[in-house]
Amino acid sequence: MENDTVANVTVDTLYNYKCSNGLLLPLINEYTWKPEVRAFLYLMGLLYCFLGVAIIADIFMCSIEKITSKTRKIMLSTSDEAEPEVIEVKVWNDTVANLTLMALGSSAPEILLSIIEIMGNGFEAGDLGPGTIVGSAAFNLLVICGVCIVALPNGETRRIRTFSVFSVTAFFSVFAYIWLLIILIAITPHQVQVWEAVVTFLFFPLLVGISYAADKGIFKVKLLNKPSKQMEVDMVGGSSPAKKEEYFPKGQLSKDTLVKFIREVRKHPALSAEDAACLAAARLVEESEHTRMWYRIGAIRDLSGSKKPKPSLSKKLRKVYSLLGQEGDQVDGKSAAPEEQKDIPVLDFTAATVAVMENAGKVAVKVKRHGKTSGIARCRVETIDGTAVAGEDYVPLKEILTFQDGEVEKELHVEIVDDNQWEPDETFFLKLCILPEDVGNVMFGRVCIMEITILNDDEPGILQFKRRGLLVQESIGTALIPVIRSNGVDGIVTAKWRTIDRTAVAGQDYVGGEGEITFDHGETEKNIEIPIIDDFDAEKDEHFEVELYDPVGGATIGPINRSTVTITNDDDYNSIVSRVAAMTNVNVDSVRLQSETWAEQFRAALTVNGGDIENATTMDYVLHFLTFGWKSIFAIVPPTGLCGGWLTFFVSLVLIGILTAIVGDLASIFGCLVGLKDAVTAITFVALGTSLPDLFASMAAAKQEKYADSAIGNVTGSNSVNVFLGLGLPWMFASIYWASKGQVFKVPAGTLGFSVGIYTALALACIALIVARRYLAPFGSAELGGPRKTALICAAAMICMWFLYIILSSLEAYKYIRV
Numbered sequence: 001m002e003n004d005t006v007a008n009v010t011v012d013t014l015y016n017y018k019c020s021n022g023l024l025l026p027l028i029n030e031y032t033w034k035p036e037v038r039a040f041l042y043l044m045g046l047l048y049c050f051l052g053v054a055i056i057a058d059i060f061m062c063s064i065e066k067i068t069s070k071t072r073k074i075m076l077s078t079s080d081e082a083e084p085e086v087i088e089v090k091v092w093n094d095t096v097a098n099l100t101l102m103a104l105g106s107s108a109p110e111i112l113l114s115i116i117e118i119m120g121n122g123f124e125a126g127d128l129g130p131g132t133i134v135g136s137a138a139f140n141l142l143v144i145c146g147v148c149i150v151a152l153p154n155g156e157t158r159r160i161r162t163f164s165v166f167s168v169t170a171f172f173s174v175f176a177y178i179w180l181l182i183i184l185i186a187i188t189p190h191q192v193q194v195w196e197a198v199v200t201f202l203f204f205p206l207l208v209g210i211s212y213a214a215d216k217g218i219f220k221v222k223l224l225n226k227p228s229k230q231m232e233v234d235m236v237g238g239s240s241p242a243k244k245e246e247y248f249p250k251g252q253l254s255k256d257t258l259v260k261f262i263r264e265v266r267k268h269p270a271l272s273a274e275d276a277a278c279l280a281a282a283r284l285v286e287e288s289e290h291t292r293m294w295y296r297i298g299a300i301r302d303l304s305g306s307k308k309p310k311p312s313l314s315k316k317l318r319k320v321y322s323l324l325g326q327e328g329d330q331v332d333g334k335s336a337a338p339e340e341q342k343d344i345p346v347l348d349f350t351a352a353t354v355a356v357m358e359n360a361g362k363v364a365v366k367v368k369r370h371g372k373t374s375g376i377a378r379c380r381v382e383t384i385d386g387t388a389v390a391g392e393d394y395v396p397l398k399e400i401l402t403f404q405d406g407e408v409e410k411e412l413h414v415e416i417v418d419d420n421q422w423e424p425d426e427t428f429f430l431k432l433c434i435l436p437e438d439v440g441n442v443m444f445g446r447v448c449i450m451e452i453t454i455l456n457d458d459e460p461g462i463l464q465f466k467r468r469g470l471l472v473q474e475s476i477g478t479a480l481i482p483v484i485r486s487n488g489v490d491g492i493v494t495a496k497w498r499t500i501d502r503t504a505v506a507g508q509d510y511v512g513g514e515g516e517i518t519f520d521h522g523e524t525e526k527n528i529e530i531p532i533i534d535d536f537d538a539e540k541d542e543h544f545e546v547e548l549y550d551p552v553g554g555a556t557i558g559p560i561n562r563s564t565v566t567i568t569n570d571d572d573y574n575s576i577v578s579r580v581a582a583m584t585n586v587n588v589d590s591v592r593l594q595s596e597t598w599a600e601q602f603r604a605a606l607t608v609n610g611g612d613i614e615n616a617t618t619m620d621y622v623l624h625f626l627t628f629g630w631k632s633i634f635a636i637v638p639p640t641g642l643c644g645g646w647l648t649f650f651v652s653l654v655l656i657g658i659l660t661a662i663v664g665d666l667a668s669i670f671g672c673l674v675g676l677k678d679a680v681t682a683i684t685f686v687a688l689g690t691s692l693p694d695l696f697a698s699m700a701a702a703k704q705e706k707y708a709d710s711a712i713g714n715v716t717g718s719n720s721v722n723v724f725l726g727l728g729l730p731w732m733f734a735s736i737y738w739a740s741k742g743q744v745f746k747v748p749a750g751t752l753g754f755s756v757g758i759y760t761a762l763a764l765a766c767i768a769l770i771v772a773r774r775y776l777a778p779f780g781s782a783e784l785g786g787p788r789k790t791a792l793i794c795a796a797a798m799i800c801m802w803f804l805y806i807i808l809s810s811l812e813a814y815k816y817i818r819v
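Position 407, counted from 1, in the sequence shown is what UniProt numbering calls 407; the numbers after and before it change by one each time, with no gaps.
Hints listed in this document are in silico derivations from the structure and should not be mistaken for laboratory results.
From a predicted model like this one, the values you see are computed outputs, not experimental measurements.
All C-beta atoms in this analysis are idealised placements derived from N, C-alpha and C, irrespective of residue type, glycine included.
Fair warning: there could be bad hints in the mix.
[Unchecked claim] Quick list of in silico lysine-lysine cross-link-like pairs, DSS-like style, CA-CA up to 27 angstroms:
1) Lys-746 x Lys-815
2) Lys-216 x Lys-706
3) Lys-310 x Lys-703
[Stated by the list, open to error] Simulated DEER-style distance windows between Cβ atoms:
4) Tyr-816 x Thr-71: 55 to 61 angstroms
5) Leu-181 x Lys-18: 30 to 36 angstroms
6) Pro-396 x Trp-33: 42 to 48 angstroms
7) Lys-18 x Thr-71: 27 to 33 angstroms
8) Gln-508 x Asp-418: 48 to 54 angstroms
9) Thr-71 x Pro-748: 45 to 51 angstroms
Please put together the full structure from these sequences, using the hints given.
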């Protein structure tokens, strides 16, 4: 019995010891543990290290974004006497940047894994690195393209703008793997000569050069037929006529576009200049053209609870922002009003907001009809919870309104629940909905959503200014400074107010002094009136403050107890726009990708949502907790403000290499413990772990960009770069090493050759399908989107190809398929 026990322990120990041959791991003699425990720990470690790779890759790509965004000034002059015009152009060509630094940024883990594996194995070929490169290529081309096709809403389409560049990278993405088959099977079977490795690497600069030439239009194709309207749009780099007008073309904040946007924002009441700046910043970021790198960084930060690359908006501003996108196309700063439709009924609410006392019992709401008033028109009205909850604060409503022939107004009532307990003011919404059978027969006007505020009436309330600052013109006569009463409207309350001189002086610029403001029972907003003196002199902007104090009647003073009134000269409208533009640029600058100082970098790394706690979600807190260790460690990387981003580039590249080596050990040992070969582990766990951020980035790019280049256009380029750098470099090092010893570098074609062959066949089918989608009407004449049914069929076909690749490659690895 004793001998049997010793024998069993010896077998377990030997089995565990066999699965302990990593480059850096294990750190301790853990092979005496149970294999199941070790497998679980190594799986958790592998998943956690994938998060670490993603986070350090975020920093790495921020440095690349900093480097590739560098510009230089060029002076243009049309004549000798004219003052030269100075313009800024990018130092890096977009195509070159995509295929060099940006491709390296997204593919660094796969490339470094392949290099580290060969060097760690004594310059002998392994299965993990090459398998990860081929597996990642299969996932990128088949799964990412398939998902992006169905990521768009039904009917929307995205076309590749620089199709000539896509054609070059698509060719090389297939040729790269055909070349692998040629050197592994045809020319020198199961070995790689020095010249073969060197040629493989030199295909990389050749790809960059040809793609650059295609981008510059050196390769021109004459069309036999006149191009379609959509093709003409693509060739000149324009947008589809159906696409809504951009407020900020190409991300540039100009005065005219800003004025248009502010004019549109001011249609919504109670929005300050600060609100307009926040909305303008959000629109500027959304409408700007972004690189795939920007989307990938955003995807990583979503997965780690870090600072988002978009401005955060409050709930109120998010609602206004969504309405701005729904109110029709912009023509010279004015909305193309739905009222102009005379051949179809147009329905909307008579007001966008309404307030009701909690003890009122019910609130009356009116829906009006214009446009076509003959015939019958119907719509459904339903309530939506805000901070008020159906059943607790109001009685939910869902009913159908029917306008009879000639009827232009309907009234409905929503019941309010009075619970006799103090609560803050709460809101809910009424929404108009088109019935399925009436689609195309009825349309909505600008106000299809109404906000209803329930004012609490059980407490005297809190008095404070509605906003911290107010901008008035010198000729306004009287400035109205709004004071609001919230969290209760019971009884009569008063508060004293007084003016405080700053750069504006009472008696010279305005009529100051002291006074009282009184709110009767139920009143929620009143104005303090301050006369403004117009001296008709051009002068700088001046400001004074108004302060609330000494409340009477049970009310209290809220946090906004002072409001600054800025008096602007009537002829100085440009300064108003400039201030809003400055605030907008400050908001945009707050979400820039790079960190300029270590202090800023540590603050963003150690706080949830990059310090924007107000807009952090529960998931942000969870993800921040899980990734806090990685973010703390990687905060020591030099910020991109040093040395133009290059120092960050090299330091983060070294850290990616170290972490990749650990990932390689974790994956190899985990696969050994659960009985998976390195080739299978590579095309499944490792390929998925390194490629998932690319999937999320491509989905976001497909939805937000006007073209498909950032979504799928870069996939083919990345796949070919993976081969030329990820295999060309390590094979070149290894072949030179063995040649110096008078031997050859052996690379068994076996599983790698079979996997490459299967992928190559499927890649040809996938690219053919993408090209067919571009030129065939049933697919929508676009690479992405189009009719829902055909989009789903194409996506399903591509994803099935990926599963077929995984299954066939795995069966061959375990010799169920012999070739």
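Results of checking the hints against the structure:
no.	hint	in the structure
1	Lys-746 x Lys-815	21 angstroms, holds
2	Lys-216 x Lys-706	21 angstroms, holds
3	Lys-310 x Lys-703	15 angstroms, holds
4	Tyr-816 x Thr-71: 55 to 61 angstroms	56 angstroms, holds
5	Leu-181 x Lys-18: 30 to 36 angstroms	32 angstroms, holds
6	Pro-396 x Trp-33: 42 to 48 angstroms	58 angstroms, violated
7	Lys-18 x Thr-71: 27 to 33 angstroms	56 angstroms, violated
8	Gln-508 x Asp-418: 48 to 54 angstroms	51 angstroms, holds
9	Thr-71 x Pro-748: 45 to 51 angstroms	49 angstroms, holds
Comparing the model with each numbered hint stated earlier shows that hints 6, 7 do not hold.
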